[in-house]
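J.: Once you've looked at the hints, dock chain G against the given chain S.
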Amino acid sequence: MTQTENSVQDHASEAADSAVVRVLAPDGSLAPSAAAEPYLEIIESLSDAELEGFYRDMVVIRAFDRQATNLQRQGQLALWPPSLGQEAAQVGSVRAARPQDHIFPSYREHVVARIRGVDVVDIIRVMRGLTHGGWDPTDPRNGNTHIYTLVLGSQTLHATGLAMGLVFDGKCGTGDPERDEAVVVYYGDGASSQGDVHEAMVFAASYNTPEVFFLQNNQWAISVPVATQSRSPLHKRGEGYGMPSIPIDGNDVLASYAVTRVALEEARSGAGPRAIEALTYRMGAHTTSDDPTKYRTSDEELSWVRRDPIARMRAFLEARGASSDFFTDVDAEADAVAEDTRVRTMQLDGIPRNLMFDHVYSEPHPLVDEQRQWLADYEASFEEGTS
Amino acid sequence: MTAAPGTAAATAAADEAGIENLPISRALNAGMRRALAENDRVLLMGEDIGRLGGVFRVTEGLQAEFGERRVLDTPLAESGIVGTAIGLAMAGFRPVCEIQFDGFVFPAFDQITSQLAKFTNRHEGALQMPVVIRIPYGGHIGAIEHHQESPEAYFTHTPGLRVVSPSTSNDAYWMIQDAIASADPVIFLEPKSKYWQKGEVDTRARALPLHASRLVRRGTDVTLVGHGAMVTTLLQAAALAESEGTSCEVIDLRSLSPVDYGPILDSVRRTGRMVYAQEAPGFTSLGSEVAATVMERAFYALEAPVLRVSGFDAPFPPAKLEGAFLPDADRVLEAVDRVLAY
Numbered sequence: 001m002t003q004t005e006n007s008v009q010d011h012a013s014e015a016a017d018s019a020v021v022r023v024l025a026p027d028g029s030l031a032p033s034a035a036a037e038p039y040l041e042i043i044e045s046l047s048d049a050e051l052e053g054f055y056r057d058m059v060v061i062r063a064f065d066r067q068a069t070n071l072q073r074q075g076q077l078a079l080w081p082p083s084l085g086q087e088a089a090q091v092g093s094v095r096a097a098r099p100q101d102h103i104f105p106s107y108r109e110h111v112v113a114r115i116r117g118v119d120v121v122d123i124i125r126v127m128r129g130l131t132h133g134g135w136d137p138t139d140p141r142n143g144n145t146h147i148y149t150l151v152l153g154s155q156t157l158h159a160t161g162l163a164m165g166l167v168f169d170g171k172c173g174t175g176d177p178e179r180d181e182a183v184v185v186y187y188g189d190g191a192s193s194q195g196d197v198h199e200a201m202v203f204a205a206s207y208n209t210p211e212v213f214f215l216q217n218n219q220w221a222i223s224v225p226v227a228t229q230s231r232s233p234l235h236k237r238g239e240g241y242g243m244p245s246i247p248i249d250g251n252d253v254l255a256s257y258a259v260t261r262v263a264l265e266e267a268r269s270g271a272g273p274r275a276i277e278a279l280t281y282r283m284g285a286h287t288t289s290d291d292p293t294k295y296r297t298s299d300e301e302l303s304w305v306r307r308d309p310i311a312r313m314r315a316f317l318e319a320r321g322a323s324s325d326f327f328t329d330v331d332a333e334a335d336a337v338a339e340d341t342r343v344r345t346m347q348l349d350g351i352p353r354n355l356m357f358d359h360v361y362s363e364p365h366p367l368v369d370e371q372r373q374w375l376a377d378y379e380a381s382f383e384e385g386t387s
Numbered sequence: 001m002t003a004a005p006g007t008a009a010a011t012a013a014a015d016e017a018g019i020e021n022l023p024i025s026r027a028l029n030a031g032m033r034r035a036l037a038e039n040d041r042v043l044l045m046g047e048d049i050g051r052l053g054g055v056f057r058v059t060e061g062l063q064a065e066f067g068e069r070r071v072l073d074t075p076l077a078e079s080g081i082v083g084t085a086i087g088l089a090m091a092g093f094r095p096v097c098e099i100q101f102d103g104f105v106f107p108a109f110d111q112i113t114s115q116l117a118k119f120t121n122r123h124e125g126a127l128q129m130p131v132v133i134r135i136p137y138g139g140h141i142g143a144i145e146h147h148q149e150s151p152e153a154y155f156t157h158t159p160g161l162r163v164v165s166p167s168t169s170n171d172a173y174w175m176i177q178d179a180i181a182s183a184d185p186v187i188f189l190e191p192k193s194k195y196w197q198k199g200e201v202d203t204r205a206r207a208l209p210l211h212a213s214r215l216v217r218r219g220t221d222v223t224l225v226g227h228g229a230m231v232t233t234l235l236q237a238a239a240l241a242e243s244e245g246t247s248c249e250v251i252d253l254r255s256l257s258p259v260d261y262g263p264i265l266d267s268v269r270r271t272g273r274m275v276y277a278q279e280a281p282g283f284t285s286l287g288s289e290v291a292a293t294v295m296e297r298a299f300y301a302l303e304a305p306v307l308r309v310s311g312f313d314a315p316f317p318p319a320k321l322e323g324a325f326l327p328d329a330d331r332v333l334e335a336v337d338r339v340l341a342y
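Protein sequence lines correspond, in order, to chains S and G. Last residue of the first sequence? That's 387 in the numbering used here, and every number before it is there in order. Last residue of the second sequence? That's 342 in the numbering used here, and every number before it is there in order.
There may be inaccurate statements among the hints.
[What the hints assert, rightly or not] Chain G residues, not near chain S, derived (Cβ > 12 angstroms throughout):
{"no.": "1", "residue": "Ala37"}
{"no.": "2", "residue": "Arg51"}
{"no.": "3", "residue": "Ala207"}
{"no.": "4", "residue": "Asp266"}
{"no.": "5", "residue": "Phe299"}
{"no.": "6", "residue": "Pro317"}
{"no.": "7", "residue": "Glu322"}
{"no.": "8", "residue": "Phe325"}
{"no.": "9", "residue": "Ala341"}
[What the hints assert, rightly or not] Output of the computed footprint for chain G on chain S, the stretches with three or more beta carbons under 8 angstroms from beta carbons of chain G:
{"no.": "10", "region": "26-34"}
{"no.": "11", "region": "202-213"}
{"no.": "12", "region": "357-366"}
Treat the hints as calculated values from the structure; they're not laboratory data. Ideal Cβ positions, reconstructed from N, Cα and C, are used throughout, including at glycine.
Same shape as in the complex, but just chain S:
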């Protein structure tokens, strides 16, 4: 047996370990692991509306994500990074954040952005080649959600710097949970190998930032398995930097919600940074340019279909007595969001040429001004020629 195979097995057994916080079994039954005990009170306090809301979030984004994937296949987008399979980790964690918290996604957190108020078509605009950013994180409508970062792990430092600013400005640890702010930063198992993630954890620990490092371990960094990234479970990395670090079943939306909520409350209160490793699975391709059949087996993929986060939550809600009307209604909303996405994507057109010059600098810059003028004159010369 090779070292890699051995490590994969170790990780599998780790995932099954009772240290992992899991509330719902894959079949949707309430079967809390030992590590979930401290969180059960939070879960029991959730209303039917909140629980159904989690399900609705997941179903709607999956429909949107499928639509975006289809749009790419039809040549409408340059690329799409699907979030298929990671809905529970994302919905639970972001629903645990307060409005005043700051969210730093990586580039697959479509439902995180949507829940915070970002128009999902703004994500589409990025992938259609109309903008690099997509939305304005300072616009209150976007819920303090920062834009996607494509260089893996870079955003963990930006999140940590902003969290340092919260410390310096006394915006955490005041004891007022309505006012105290925190930061959630998302990254993945591949990014966990980047130096920036390590430096972010060093700075976060040094300055005792109000910050939750939320790692979605979806098992694959494109074609490289997590075992190649680490010989030990990734959540242990956080402990190495001196921050409490908790592994959760990332396909259990209730575990994701409860653990993130506690971590954020602790961080906001001034107790310092926290790390969460959500064990989940990228059920689709890395992006629409990827072909997972080249590096993983259908047996593996099927084993994760049986742990599907949406089916799990649906079974749980059905057992609690959710009405069939509710599920019909959610499906209808999902269809409507997907259709609206298609319609509005097809209407997206036009990009002002000056966009590339206008914000290179905030203050005037002679070279940029000169080139903007040159291009305008150059194009005007053709118009003159035809008139």
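T.: Showing chain G alone in chain S's frame:
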């Protein structure tokens, strides 16, 4: 009056007189002190800059005066310093990062070129990045590898960054304040071999805006252009040339991006000849860019091609060879002779 130069007492005293005689390192210190005092969102951050005052003592005394929340001794991680500075700028701060030596900036290269430089553009103007990155740069201090480099071309090649370098105490004092006041990221290259070079600082008013080049010596035969420590070398070369009957004009570039071509073109149109000198290797360098632009814009005024004097296109050598690697006044004069021979 015996207050130590550059201290609060000396600065207060100088505010009345308006003139202080300070080495560049103290002028930078005084400029940063003023920026810290005038705007409580200004932060200094870097390795060893607080208790120690920086390995060159440029930030000496500032942590004692402004506290550990304004002058941060950071962990030893350059990418971490710049990356967290970006986040602090998002939170409304104006971070001034010190990179300890030129050759240590590269671990932060991604955060500078892919993140900091592009942030405002990526956000379509919604976020500004008023971040200064101070880098002691250049040779002539006899140091070991990674401690004597001139990395300016990497940054001047990157849209979104401004790059400047003072050569005098007065410029050091004002340019650091103007860099901190800029809404854009500024790479601030400090000529470390001149940290101890004294000069007059007029604390009452700035002489020039941040991005202006400056005529520092009048002449009629050849225009010499450079920045940072090289300006001293060009002035030495001009003095030697004068004793041989050649009159050299000297221009201090000051701003490496954007370049203020006005004074350079004015000068070349009068002299018809130009030599650009720099410590950095010559291939695809600032000298290449300025030479090409001058030839495009002043072609009919030129009596000879613009010549460049550079460090060689080899890694910076062991210090015992730096005298042969770095352009000195004689190498500048050799180019002056060649440009006059056309």
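J.: For each hint, tell me whether it holds in the structure or not.
T.: Evaluation of the provided hints:
1. Ala37: 17 angstroms, holds
2. Arg51: 15 angstroms, holds
3. Ala207: Check passes; 20 angstroms lies beyond 12 angstroms.
4. Asp266: Non-interface label on Asp266/G holds, nearest chain S Cβ at 16 angstroms vs cutoff 12 angstroms.
5. Phe299: 18 angstroms, holds
6. Pro317: 29 angstroms, holds
7. Glu322: Holds, because the least Cβ-Cβ distance between Glu322/G and chain S comes to about 31 angstroms, which exceeds 12 angstroms.
8. Phe325: Check passes; 31 angstroms lies beyond 12 angstroms.
9. Ala341: 33 angstroms, holds
10. 26-34: violated (count 0)
11. 202-213: holds (count 3)
12. 357-366: holds (count 8)
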